[in-house]
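Colleague: Protein chains in written order, with my numbering: chain V, 1 to 382; chain Y, 1 to 382.
Check each hint, because a few of them may be wrong.
Since the list gives no way to pick out one identical chain from another, each pair is judged satisfied if it fits inside one copy or across any two copies.
Under the rule of at most 25 Å between Cα atoms (straight-line distance), these lysine-lysine pairs were calculated in the DSS-like manner [as the list claims (entries may be wrong)]:
(1) Lys278 with Lys357
(2) Lys310 with Lys278
(3) Lys283 with Lys87
(4) Lys3 with Lys255
(5) Lys4 with Lys255
(6) Lys39 with Lys255
I should point out that these hints are in silico values taken from the structure, not numbers from a laboratory.
There are 2 protein chains.
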Amino acid sequence: MRKKYLLAPGPTPVPESVLLAMAQPVVHHRTPQFSEVFKETAELLKYVFQTKEDVLILASSGTGAMEGAVVNLFSPGDEVIVINGGKFGERWGKISESYGLKVHWINVEWGRAVDPETVKDVLAKNQNVRGILCQASETSTTVLHPVKELAELTRERDCIIVVDGITAVGVVDIPMDRWGIDVLVSGSQKAFMLPPGLAFISLSEKAWRFCDDARCPKFYFDLKKERKNLARHTTAYTPAVSLITGLREALALIKEEGLENVFARHARLARATREAMKALGLKLLAPENPSPAATGVYVPDGIDGGKFVKYLRDDMGVTLAGGQDHLKGRIFRIAHLGYIDTFDIIIAISAVEMALKRFGHKVELGRGVGTAQEILLEGFET
Amino acid sequence: MRKKYLLAPGPTPVPESVLLAMAQPVVHHRTPQFSEVFKETAELLKYVFQTKEDVLILASSGTGAMEGAVVNLFSPGDEVIVINGGKFGERWGKISESYGLKVHWINVEWGRAVDPETVKDVLAKNQNVRGILCQASETSTTVLHPVKELAELTRERDCIIVVDGITAVGVVDIPMDRWGIDVLVSGSQKAFMLPPGLAFISLSEKAWRFCDDARCPKFYFDLKKERKNLARHTTAYTPAVSLITGLREALALIKEEGLENVFARHARLARATREAMKALGLKLLAPENPSPAATGVYVPDGIDGGKFVKYLRDDMGVTLAGGQDHLKGRIFRIAHLGYIDTFDIIIAISAVEMALKRFGHKVELGRGVGTAQEILLEGFET
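Only chain V is shown next, with the shape it has when bound in the complex (with noise of 0.2 Å):
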């Protein structure tokens, strides 16, 4: 016997309830039944996003909905900035040029957040730049990016901020509407507690004016039908109608804890992780701008990353998520975002302790849960 632990930045666990709601029969996509659960699950939608703007609900991976924003809101030719610390600021840019868009690439060392200032030079030297594309959440780097303080560049002018909330949406407080993001994506296996294949993305009026403009060519990413057809509580094309029934029991249950509490409750757990494994002597890869969704943690010397995130899956049951590119091997990744709580995260951090241990290395077996437990306690009454 052997139970399976995901604690992985995505997919994340889907809660009992969802999975159930996900096991009822399908219903036909063009009914009244199903307009009423879309209808229902595009309102819960607005109310994570922090949006009165439309939440549209596509069928693909997040990354779907990241050529969407691209090839929805610019044309061949258009200038962007890209932020570039990690996997998926690379994606953006690489999105951006496939389209014929001329990108300027901030490289940002991967661990660390860009500077606003930064930005805000490129900015001041590139007139024509159209867009800003980052992450909010840098999944492969545990990186939080400063999106208010990047949304604020854009403000006077014709520029739009284009942001992946993939691991921040639902994760972390960003409010939509008041930090004036123009697109805002996010994607179902994170902290909306679901199976990977739907993805979200919502655009501000400014950014809906864009589109207008965008050349790219498109069909299956063409927002403003399916903008057309939600109006009407349906999708342009065939909607993932069991991810959407079990969407709108996880939006519930999100409204039901209040997202001020999940913020909260994402941010605790984050922070035990972090202070378990310092207190371990492991070294951080993000410890100036950590995102609550995920902990990257360095292995330590004379541990092949690759085996050691092996061993905690396939012998402990235990499954993290390792680096990519240059960073495969040198780190794990702990995840606690979405139906993640006090308990998940012991599992994390003991099994990382005996891991350790197995891997030769000196480690003092329940130190590093000692210290979590103490601020894990926050979450419990009184």
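Once you have looked at the hints, place chain Y on chain V.
Modeller: This is chain Y only, laid out in the frame that chain V set:
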């Protein structure tokens, strides 16, 4: 959000694949389809009971099978010895007296195992005793009784040993045929990893001969009638179809893991729990003959055990068991039988540590967890 963890000595957690098996459409019980399921299940039960005899499946709680044992084996006026060292030992006596049997009570201090010499003495002084009724694992006191030695006392005599193995069968090595156990009873919600609702009972040839003379009144729990039906792959009265379908899956899991490995797992989890509690300075209820099903622990002085267990359950989401009768409010019990593995034990111990701290008890967080981790590591490949 508050996830729930079930660590009581029954009901125990149900594996996902068993839940899915039970969620299948209900089949009619008088069909070849169900008979096939029933036949396979009954065969697998023999493996877990370690017997070549039939294992009958009753739609009842474990107490139903206990009553079934008494009414099928004995007659009013028959003399029996009851080992009364806890709530369930007492139950054997109550059932026996309800049917007019004459009970020789052997009272054992709660938390201690019976001394076979005592039983031998009572048996020597009462030559007419026809049965010894005892628990293998006394759930209320987390004690393991010396069933092998007790069984030996009944050899070469017109006396049978009737064992409540409700939290022993599938938990610890209790080989029915090899030890010469005449009657062995168990229930679905323990090591069998099912919801409550099924009881199992198996009789030796000697016990079946006792049935021929038994004159207690009975109808639903008529074991001879059930045995005849079992031969035709069915039951006398409507079987609990979904539970039996789930049982087949659960038994397949046990067989796949292998009984020896299951026993080793339970022993390891139990040892980790005991050593962790001792490391926290807590006192065990049954330090000498502990059951691998559950560990009873005294609540420290000054803490109300009822409130302590309630806080763990309602505030922390971790369901342990409290104490019964005169141990009510004085102990808690952590279960480690069934679908329970390494990280369930970590959860239980860390929750106890955190709750102790909440209740003002001086505790070094992580101390018990660290002690357990050291032992639990034995369960992983090196």
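Colleague: Hint by hint, where does the structure go against what was stated? Just the numbers, ascending.
Modeller: none
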